[in-house]
Amino acid sequence: MTVLLFTIIVLIGAFLAGLLGSLTGLGGGVIIIPLLTLGLGVDIHYAIGASIISVIATSSGSAAAYVKEGITNVRIGMFLEVATTLSAIVGVVIASYIKADYIIVIFGLILLFSAFMMLKKKIDHSNNEKTSVLANYFKLNGSYPTENGIKQYAVHHVVGGFAMMFVAGTLSGLLGIGSGALKVIGMDNIMKIPFKVSTTTSNFMIGVTAAASALVYLHKGQIDPAIAMPVTIGVIAGATIGAKILIKTKTDKLKVVFAVVVTILALQMIYKGLTGS
Amino acid sequence: MSKQIKHYLGDKDVQVILGTLLRVGVILSTAVVLLGGIIFLTTQSNHSVSFSEFKPEQTKFSSVAEIIVGLKNMDGLAIIQFGVLLLIFTPIARVVFSIFSFLMEKDYMYVIIGTIVLCVIITSLYLDIAH
Chain A
3 MTVLLFTIIV LIGAFLAGLL GSLTGLGGGV IIIPLLTLGL GVDIHYAIGA SIISVIATSS
63 GSAAAYVKEG ITNVRIGMFL EVATTLSAIV GVVIASYIKA DYIIVIFGLI LLFSAFMMLK
123 KKIDHSNNEK TSVLANYFKL NGSYPTENGI KQYAVHHVVG GFAMMFVAGT LSGLLGIGSG
183 ALKVIGMDNI MKIPFKVSTT TSNFMIGVTA AASALVYLHK GQIDPAIAMP VTIGVIAGAT
243 IGAKILIKTK TDKLKVVFAV VVTILALQMI YKGLTGS
Chain B
-10 MSKQIKHYLG DKDVQVILGT LLRVGVILST AVVLLGGIIF LTTQSNHSVS FSEFKPEQTK
50 FSSVAEIIVG LKNMDGLAII QFGVLLLIFT PIARVVFSIF SFLMEKDYMY VIIGTIVLCV
110 IITSLYLDIA H
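Chains as they are written, first to last, in the numbering used here: chain A, 3 to 279; chain B, -10 to 120.
The shape of chain B in the complex, shown without the other chains (with noise of 0.2 Å):
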């Protein structure tokens, strides 16, 4: 029984440091996405918008390697768009810091299904699928 108040304590601490990361992570993509709102809407407020027909290729930033172009020109949308990246990039953070409080357990079962996990996501990042 003590021990197992003992292990109960251990993933108090943990998931304590991990409300702490998502929460974090919720703030910080919420004032960079809002950061990147003023700066769209101070300059092209008054431009017109229609979404009524998907045109993916008219999709500005949709890639990393573009967000971090649009980034070093301070444009708005890219901006947003790197707040949304910091708030997917929330949880998989979540993932990764599992998967050393597993190591750290000594749990090596759970470290490689964590590692699935990562790895399944990880695809996602580079798979391109047709429109």
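Excised from the complex, chain A in its bound form (with noise of 0.2 Å):
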């Protein structure tokens, strides 16, 4: 295949996988994966380097639209990011001793499991009741502007959420995915923090956490510049675009479809880390 031509067809993927991501809220990076490795026959290791770049592009961009909302807690995206940078290194270093065919099959379930979790109806669990002590030590409860005034949450489970981002953060640098699916669970479910501020406050972490896991990928030559370059081109148009349809358009019906081709990419994933081939 020709540079050119090469360049073309990432390029159209990854304007697509932007477009999608940003529309569904499931990021760039569980596109562009499958795209590379299954569609273009590129090793996993280049295509997670180019994923985490995608990842930090769709996250700092949508992020400059959401921080004009002022909902983002910056103090519980920088308490939790002590576990997610440190995990997201952990991660990296794991990726390195272990088989790239069990890289891809986990990359197949932490997909399906996203595909899940985007059609998985939210529940709001928040409320005002400041019984956390670790919450009220690290100053993590907070307050956000709606119609009916400034509305006070309560932080929970600290310790629990804490954890979860340990989690979400080994798996963002093993696989060079923003794991957005696992720190929504970690605020949402466990920390018990309104949509409106996980949302944005998770996304503050994304960029953050790929961050610190880009710059050990550079490193081990996992970046390479041919294929970053349509792919961090295409993400940003992509996903500049779908911010912009996003506030105009109902995305319930492209939600199923998406969940759909998400889980027929996630079981080509499994069966290829499965088989070798």
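Don't read these hints as lab results, they were simulated from the structure.
Please note that a few of the clues may not be correct.
Stated by the list, open to error - Here are the computed lysine-lysine pairs in the DSS-like style, where the Cα-Cα straight-line distance is at most 27 Å:
1. A/K274 with B/K44
2. A/K153 with A/K132
3. A/K101 with B/K49
4. B/K44 with A/K101
5. A/K124 with A/K101
6. B/K95 with A/K153
7. A/K198 with A/K255
8. A/K132 with B/K95
9. A/K141 with B/K95
Unchecked claim - Chain A residues, not near chain B, derived (Cβ > 10 Å throughout):
10. V135
11. F164
12. L248
13. F260
14. I266
C-beta: ideal position from N, C-alpha, C; glycine also.
Could you fit the two chains together into a complex? Lean on the hints.
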């Protein structure tokens, strides 16, 4: 394949990944990796390197739009980033010692899980009972603006949430993904943070976490400029347009279709990893 | 209550600056990647590529030092990697900025927490793991 053809195919694929990723909230990484490995026969190591760049691009791009609404809890983000950045590096180290086929299988399983989480109805567990000693000590409780004025919320189960972020960070480093689905479980279900706050805060964390593992991947030679170029441009263009469409349209049906596509990709990845082909 | 509103507004200013920082970072790095891509494609678009096997020793510009050397020669691939570096540093700049805003709020606990996060990231810059 010539450089030009490869660039064009990846550019189109990355554009679609960025577009669908931002419309469905799934992020770009989960589509970039199957596209490169299953579609173009790219080795998983390069695919992970390209994916981690796309994760930073989508995270920073959409965060720029989010933070203006003023609902990111920077303290929660910074506090949990201690767990996610440390564990991201642990994940990259683990990736150096296990067989690539296992990484592909784990990726497939996470992909299945993400598809499931995308369709699952979210329940807001937030309340304002400031009972957690750690949440009070680390000043994690906060407030956000609603139509009826400023609403207070309390953070719960800090240790459990921190542990969940450690898992999310490890997988992020191991697979080159944002681990958005796991971060949502940690923040919404365990720490009981309201959606409006958890979505943007998790996005903030995803970029910082990915930056930590991206630097290690760069040194390991997994970020090839010839792949990174079309991936970066395509994903950013797709995510920017996606964010604009998202304001005007409902995405419920799209999510169902997309979940089916992602499930098929996940099964293919698992098959590829198990058979080594 | 009035103290809370004031606190919230202060945060809002910080958030607006943060949003601008992120947008500038993303636009700037995309522009640099695009420039490098154009130079790369105009010189090598007919070369053949294959990434079916992972050969880390063949990956060009896989360290900050190599990227800087390549930039001096206006190498397309080096410019792309420089853009990628800018993109990686965008969220890191956000952490640095947050540390300063905590410092201004005299919230020293979070100055320390932010510094820990920054140290972990800086460590990753120097981490050299065997392939």
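Status of each hint after checking the structure:
1. A/K274 with B/K44: 20 Å, holds
2. A/K153 with A/K132: Holds - the C-alpha atoms of A/K132 and A/K153 are around 14 Å apart, at most 27 Å.
3. A/K101 with B/K49: 24 Å, holds
4. B/K44 with A/K101: Answer holds: B/K44 to A/K101 is near 15 Å, not above 27 Å.
5. A/K124 with A/K101: With Cα atoms ~35 Å apart, A/K124 and A/K101 exceed 27 Å; violated.
6. B/K95 with A/K153: With Cα atoms ~25 Å apart, B/K95 and A/K153 stay inside 27 Å; holds.
7. A/K198 with A/K255: 22 Å, holds
8. A/K132 with B/K95: Satisfied, since the Cα-Cα distance of roughly 23 Å is no more than 27 Å.
9. A/K141 with B/K95: Holds, at about 13 Å.
10. V135: For A/V135, whose nearest Cβ neighbour in chain B is about 15 Å away, the distance exceeds 10 Å, so it holds.
11. F164: Fine: 12 Å to the nearest Cβ keeps A/F164 off the interface.
12. L248: Non-interface label on A/L248 holds, nearest chain B Cβ at 17 Å vs cutoff 10 Å.
13. F260: With a cut-off of 10 Å, A/F260 remains clear of chain B, as the shortest Cβ separation is near 24 Å.
14. I266: A/I266 is indeed farther than 10 Å from all Cβ atoms of chain B, at 23 Å.
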